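2 protein chains.
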Amino acid sequence: MSLILHTLKNIPIIRRGDNLADILLKSLQDSKVELQDDDILVLAQKIVSKSEGRMVNLANVQPTTRAIELGELTEKDPRLVELMLGESNEVLRTRKGVIVVEHKLGFVCANAGIDHSNVMGDGDSNEDYVLLLPEDPDRSAKGLREEIKQKTGKSLGVMIIDSHGRAWRNGTVGICIGLSGVPALVDERGWQDLFGYTLKATLVAVADELAAAASLMMGQAAEGTPVVHVRGFPYPLGEGTLKELIRPKDMDMFR
Amino acid sequence: MSLILHTLKNIPIIRRGDNLADILLKSLQDSKVELQDDDILVLAQKIVSKSEGRMVNLANVQPTTRAIELGELTEKDPRLVELMLGESNEVLRTRKGVIVVEHKLGFVCANAGIDHSNVMGDGDSNEDYVLLLPEDPDRSAKGLREEIKQKTGKSLGVMIIDSHGRAWRNGTVGICIGLSGVPALVDERGWQDLFGYTLKATLVAVADELAAAASLMMGQAAEGTPVVHVRGFPYPLGEGTLKELIRPKDMDMFR
Chain H
1 MSLILHTLKN IPIIRRGDNL ADILLKSLQD SKVELQDDDI LVLAQKIVSK SEGRMVNLAN
61 VQPTTRAIEL GELTEKDPRL VELMLGESNE VLRTRKGVIV VEHKLGFVCA NAGIDHSNVM
121 GDGDSNEDYV LLLPEDPDRS AKGLREEIKQ KTGKSLGVMI IDSHGRAWRN GTVGICIGLS
181 GVPALVDERG WQDLFGYTLK ATLVAVADEL AAAASLMMGQ AAEGTPVVHV RGFPYPLGEG
241 TLKELIRPKD MDMFR
Chain E
256 MSLILHTLKN IPIIRRGDNL ADILLKSLQD SKVELQDDDI LVLAQKIVSK SEGRMVNLAN
316 VQPTTRAIEL GELTEKDPRL VELMLGESNE VLRTRKGVIV VEHKLGFVCA NAGIDHSNVM
376 GDGDSNEDYV LLLPEDPDRS AKGLREEIKQ KTGKSLGVMI IDSHGRAWRN GTVGICIGLS
436 GVPALVDERG WQDLFGYTLK ATLVAVADEL AAAASLMMGQ AAEGTPVVHV RGFPYPLGEG
496 TLKELIRPKD MDMFR
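Chains as they are written, first to last, in my numbering: chain H, 1 to 255; chain E, 256 to 510.
Be aware that a few hints might be false.
Selected chain E positions facing chain H (Cβ under 10 Å, derived; list incomplete) [to be verified]:
1) 314
2) 317
3) 364
4) 423
5) 426
6) 427
7) 442
8) 458
9) 461
10) 466
11) 471
12) 488
13) 491
Rather than coming from a laboratory, the hints here were simulated on the basis of the structure.
All values derive from a computational prediction rather than experimental measurement.
Every residue gets a Cβ at the ideal spot worked out from N, C-alpha and C, and that includes glycine.
Let the sequences and hints guide you as you build the complete structure.
This is the structure in structure tokens:
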């Protein structure tokens, strides 16, 4: 069994309102990839957010008193903190340079997933622009999947990923923040192992594992390879949701 | 750029003292994979632990008072808890069915990484055997890498992986617990993004990302595909260590 991850060529710099499905199809062509049913396209959050116009000019943000205080505490631009607060349900931890929040989308992450790199507004200057996460990444993934299905006849999975830090390990890893046509979790509870033992508790976050794999191929910086084509995903495609990947608050080992 | 992960065929059930390097080379041959420099072999912890004889018969374990108490609290076999305590520096959290520890190897994990599935002792019965992690997984990886280099002339990377839960997300993902000839982290701090911005803080846990990818292909249960061959890792191979992947205690966001 083989899993093949392939970075797509010639993805241009994405701007508000760009049609991502068309861009993906063009790039697949340039990369000489012929889509097959059950292929998966993994997209960096950044290009989805940009196409949805989620860039914000910091010059237009008025920080509240709370954002100013939290900005001083964490040594962050209070306007950026204001946006983080607006994107979050709750602040969980603060440390110099980091605000750990429960994002409105439900997951725990640093700095509400707001990104300052590779962001340019609609004007000339990129000085003050930051990028929020897509409003509803599952919906974004679904929209792309349906549009590609309509245009090519192929049934794909689509996943949107970001890079997150971990509580107790160094470095970031790719994780899934939105998906359509890909299972989020595979429940191996109740399967039997090689000796006929019934496994008790193995719920595998296959979407996050695939996100990590794709993230490895995307790189983070100037390479600009924000889309990875995947062939050979070892489980049947099926409808997963972001919510399945999020530990319920009362089961959260962090809080 | 392509990353190709391929599960190897015909890995037999591993027993204490088996020569893993020879088994891997035979399996590569059966799988028609010709090794190249810079390929990586990713091994499930389980087969490394077994070859190193890390199975323990619970019938021979005498629980201490502390293990009995903790066993009652978490509804776990006190003999299993005794082994978990012996494998750990510190108990960090307990919950019904879960003891979160700092393992002697330095990382935070559930149940000290002790595995009850696919384990068989050297005798007939597998009823009471559990499996501890390798004593020094970096050393195990290094030994395998050197033996393969000596037998084939090829310079590979070798990684040993396990499945861990996360603090705030559902499901397990593959993570690296030992490596040789593979970078643990890639420091992208100081790189410039597409617009010439200098990225501030992107330290990527590439070993964990690759572990997740390989884990996706291994499955957890009866499939028995505990080795994945990797071609096309997108960074230069170099010497990483498990220690680099572990967040220093004072930077741990969990404690």
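Checking hints one by one. Is residue 442/E an interface residue toward chain H, by the C-beta closer than 10 Å rule? holds, 9 Å
Less than 10 Å between beta-carbons is the criterion; does residue 423/E satisfy it with respect to chain H? holds, 4 Å
Would the hint on residue 488/E stand, with a C-beta cut-off of 10 Å toward chain H? With a minimum Cβ separation of about 8 Å from chain H (threshold 10 Å), the hint on residue 488/E holds.
For the hint on residue 364/E, just tell me whether its beta-carbon gets within less than 10 Å of chain H. holds, 9 Å
Let me know if the C-beta of residue 314/E comes in closer than 10 Å to any C-beta of chain H, holds or violated. violated, 17 Å
Verify the interface restraint on residue 491/E: the C-beta must sit less than 10 Å from at least one C-beta of chain H. This hint is violated: residue 491/E lies away from chain H, its Cβ roughly 13 Å from the closest one there, beyond 10 Å.
Does residue 458/E hold up as a contact with chain H if the rule is Cβ-Cβ below 10 Å? Constraint on residue 458/E satisfied, holds at 5 Å.
Could you check if residue 427/E really has its C-beta closer than 10 Å to a C-beta on chain H? Nearest chain H Cβ about 6 Å off; hint holds.
Interface hint check: residue 466/E, Cβ to nearest Cβ on chain H, cutoff 10 Å. Holds or violated? This interface hint holds because 8 Å falls under the 10 Å limit.
Can the hint on residue 317/E be confirmed by a CB-to-CB distance to chain H that is less than 10 Å? violated, 24 Å
For the restraint on residue 461/E, tell me whether the closest CB of chain H is nearer than 10 Å. Because about 6 Å separates residue 461/E from the closest Cβ in chain H, which is inside the 10 Å limit, the hint holds.
Does the interface hint hold: is residue 426/E within less than 10 Å of chain H, judged Cβ to Cβ? This interface hint holds because 3 Å falls under the 10 Å limit.
When the structure is compared with the earlier hints, violations turn up for hints 1, 2 and 13 and for no others.
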